[in-house]
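The primary structure of each chain is shown beneath.
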Amino acid sequence: MKRFKELTKGIMRENPILVIMLGLCATLACSTNANDAFGMGIAFSFVMVGSNVVVALIRKIVPGQIRIPVFIAVISTFVTIIDLSIQAYQPLLSRSLGVFIPLIVVNCIVMGRAEAYSSKNTVLDSFLDGIGMGIGFTVIITLIGIIREILGEGTITLSLLGLKDKINVVEGIAGLINNFAAAVGLGNIHVAPDWYPSVLIFILPPGAFLVIGFLMAFHHRLFPKE
Amino acid sequence: MISNDMNFFLIFLSALLVNNILLIRFIALCSFFGISNSIHASIGMGLAVMFVMVMSTLVSWCVYHGILVPLDLKFLRTAAFILTIATFVQLEEMFIKKVFPPLYRALGIYLPLIVVNCAVLAAAFLVIDYKLGLFESEVYTIGVSGGYFLAIVMFAAIREVVDHAPVPKSFKGHPISFITASLMSLAFLGFKGLLGL
Chain A
-5 MKRFKELTKG IMRENPILVI MLGLCATLAC STNANDAFGM GIAFSFVMVG
45 SNVVVALIRK IVPGQIRIPV FIAVISTFVT IIDLSIQAYQ PLLSRSLGVF
95 IPLIVVNCIV MGRAEAYSSK NTVLDSFLDG IGMGIGFTVI ITLIGIIREI
145 LGEGTITLSL LGLKDKINVV EGIAGLINNF AAAVGLGNIH VAPDWYPSVL
195 IFILPPGAFL VIGFLMAFHH RLFPKE
Chain B
33 MISNDMNFFL IFLSALLVNN ILLIRFIALC SFFGISNSIH ASIGMGLAVM
83 FVMVMSTLVS WCVYHGILVP LDLKFLRTAA FILTIATFVQ LEEMFIKKVF
133 PPLYRALGIY LPLIVVNCAV LAAAFLVIDY KLGLFESEVY TIGVSGGYFL
183 AIVMFAAIRE VVDHAPVPKS FKGHPISFIT ASLMSLAFLG FKGLLGL
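Chains A and B, in that order, give the protein sequences.
The numbering of the first sequence is our numbering, which starts it at -5 and goes up by one.
The numbering of the second sequence is our numbering, which starts it at 33 and goes up by one.
There may be inaccurate statements among the hints.
Pairs of lysine-lysine residues, derived as DSS-like cross-links and limited to a Cα-Cα distance of at most 27 Å, are as follows [stated by the list, open to error]: (1) B/Lys106 <-> B/Lys163; (2) A/Lys54 <-> A/Lys3; (3) A/Lys114 <-> A/Lys54; (4) A/Lys3 <-> B/Lys201; (5) B/Lys163 <-> B/Lys201; (6) A/Lys3 <-> B/Lys204.
Simulated from the structure, these hints should not be mistaken for laboratory data.
Start from the sequences and build out the full structure, keeping to the hints where you can.
See the structure below:
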């Protein structure tokens, strides 16, 4: 039961983005659409789990004074692995994430967990902590990506999950309303497929700040501080 | 975004305002939200970042073009840059402590923090990605770090006022800072038309 808590704490109560508030650069810059956000989440989770496990493995051998450079070396190894893998297998994703993949090295949250958690806990606990943090990060960044893409373009792209076509949410909603109106006998109500004017600002940088600000306020509401 | 025939002034202006590193590119946001509680601290941090960034881009540019490219080790750049910058910040700290004690007292506590400041590493990567020469890189870096200074000091000033404003309970603290940042970012977006970039 305690182990289970190590896993779940990263997802809501100690969410890396909304509560610890570290690693914001990647969150905001890579969430212009759902696909990029999801890809960033996966890359981040890989680095998080890998570095947490290795740091926990070597925590007893590394002398205290030089631990920070050692941790950085471990983290940058995993970042290089994922950077090169993405370039090889997902060239499109690599182009849109750009400099933000190598920047996971200085993503404070990875370093922060290595320093604050896995350098003091067992390998299994650190592994679970890494997975929890990874899921927490991926869920929130993907959520931000989906919100920004729906509001900004009216679609959802998730080609990483095997969905070739964009899901056109705006047309979908219009279709639902029209079908419902026809079903209850209000056939003269008709919504055009392009009823929603895309709000470009959500794709642009200010929208990222706006969405995350509102999500944070929502999180405060759900989990008020004592 | 940056073409070869662009002159130095345009490189500088584009890095300073149009592609402001904090508000448009979202790099180094942790320190942006972490340290901007007071104008005083953010001025210190801004100056420290400017100083370190200009120096470390110089070093990492030389490491990349002098060591990694000739040896065909480009894939090691992430590890090489972060270790160079970490070592270099340490050296710089010792140097300033010895030679300019007043500067050290002003910047002291911010220097170690800069090792994990993404802006410094990002500048090192961006000048490589844009294939800039050494002098262009320095101009670009001065622009980037000037943009950092400008944005963080302005944000700290606004935040000191907003902290005392009556906002809804759920928005108190960080959420309202994000909304503030959003509005500032909107203002900076206006510079996009400035150079026709």
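Cross-check of the supplied hints:
no.: 1; hint: B/Lys106 <-> B/Lys163; result: holds, 14 Å
no.: 2; hint: A/Lys54 <-> A/Lys3; result: holds, 25 Å
no.: 3; hint: A/Lys114 <-> A/Lys54; result: holds, 9 Å
no.: 4; hint: A/Lys3 <-> B/Lys201; result: holds, 24 Å
no.: 5; hint: B/Lys163 <-> B/Lys201; result: violated, 48 Å
no.: 6; hint: A/Lys3 <-> B/Lys204; result: holds, 23 Å
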